[in-house]
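Given next are the chains, with one letter for each unit.
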Amino acid sequence: MQERNVTAAGKKYELSRPFFVLATQNPIEQEGTYPLPEAQLDRFMFSLFLDYPSIDEELEIVRTTTTGTPQKVEKVLSAEEIMFFQDLVRKIPVNDNVLRYAVSLASKSRPRTENSGPEVNAYLSWGAGPRASQYLVLGAKCHAALSGKYSPDIEDVNAVAHAVLRHRIVRNYKAEAEGITVESIISGLLK
Amino acid sequence: MNFKNDVEAVDALRNKRDVLEAEIRKIIVGQETIVKNVLISIFSNGHCLLVGVPGLAKTLLVNTVSEALGLSFNRIQFTPDLMPSDIIGSEILDESRNFKFIKGPLFANIILVDEINRTPPKT
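Top to bottom, those sequences are chains H and P.
Note that our numbering numbers the first sequence so that position 174 is 174, with each residue one more than the last.
Note that our numbering numbers the second sequence so that position 26 is 1026, with each residue one more than the last.
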């Protein structure tokens, strides 16, 4: 998944580019499921939590999906264009203070280290690794580019922080007992 | 893809994103932040895990994105008995008694791994 090639019977095969994995997970049904190991979770750049639609949105969903013919989606990008833009995102320059902010954000989430705060020490058993720092910076670059900015700032890092850190920090039993959520811990880090 | 400079290219990326979002909007109602984050992860060449209760259009979203991007797309439903070779592909004996590698569903641009937590970690 990370290496973008597979080995079968001693032969290496390159996967087609761009290669992109989108995985879905259902959080309520526990029977017959195997929770993903942390090492596998860490390979995902983002973990996104979907919530129920609002009443108005649901009205529109029901209205559009129960009548008429479904809308057709047009193809608007090609594989070459996507790869060009992926290279472009990597080329975006980053200010040193933004870089420092992203790295310190990840290191603050590691309990019992010199940068961690009391909340992290008390409620987390595991923090985010260096891959989180990488994705914080890359995600911030992309967020800036998609919003029409030419260089990311701290706001861009904050915008992707929840999605990047959510699946990388592990709460301890104390946090679970006291009902402290991962989201509230991340929000605490962003302050 | 030819642009005079990177600034122009970033502007083009921004325009593409608007077009892309409009296409996705035709099918997906709401979930703005999710759509935005999925696009961010695509353009930063990262993978994405979608967590949510059934019926929130997770699979539909992935389908729509891959259609709008015009990439090859494979869906793998994860089941408790899924083996690594089911995804990667395996070698079989062909008619002239030589081993031939048959590519599995992993050989596509976008892979939708449905219900990833249904399979044991070995796969």
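Note that these hints are calculated values from the structure, not bench results.
Mixed in with the good hints, there may be bad ones.
What the hints assert, rightly or not - Okay, the calculated bits of chain P under chain H, using three or more residues with CB under 8 Å as the criterion:
1. 1023-1029
2. 1036-1049
3. 1092-1098
C-beta: ideal position from N, C-alpha, C; glycine also.
Structure-based check of all given hints:
1. 1023-1029: Result for this restraint: holds, n = 5.
2. 1036-1049: With 14 residues in contact (Cβ-Cβ under 8 Å with chain H), the coverage given for the stretch 1036-1049 of chain P holds.
3. 1092-1098: Violated, because only 0 residues of the stretch 1092-1098 of chain P bring their Cβ atoms closer than 8 Å to Cβ atoms of chain H.
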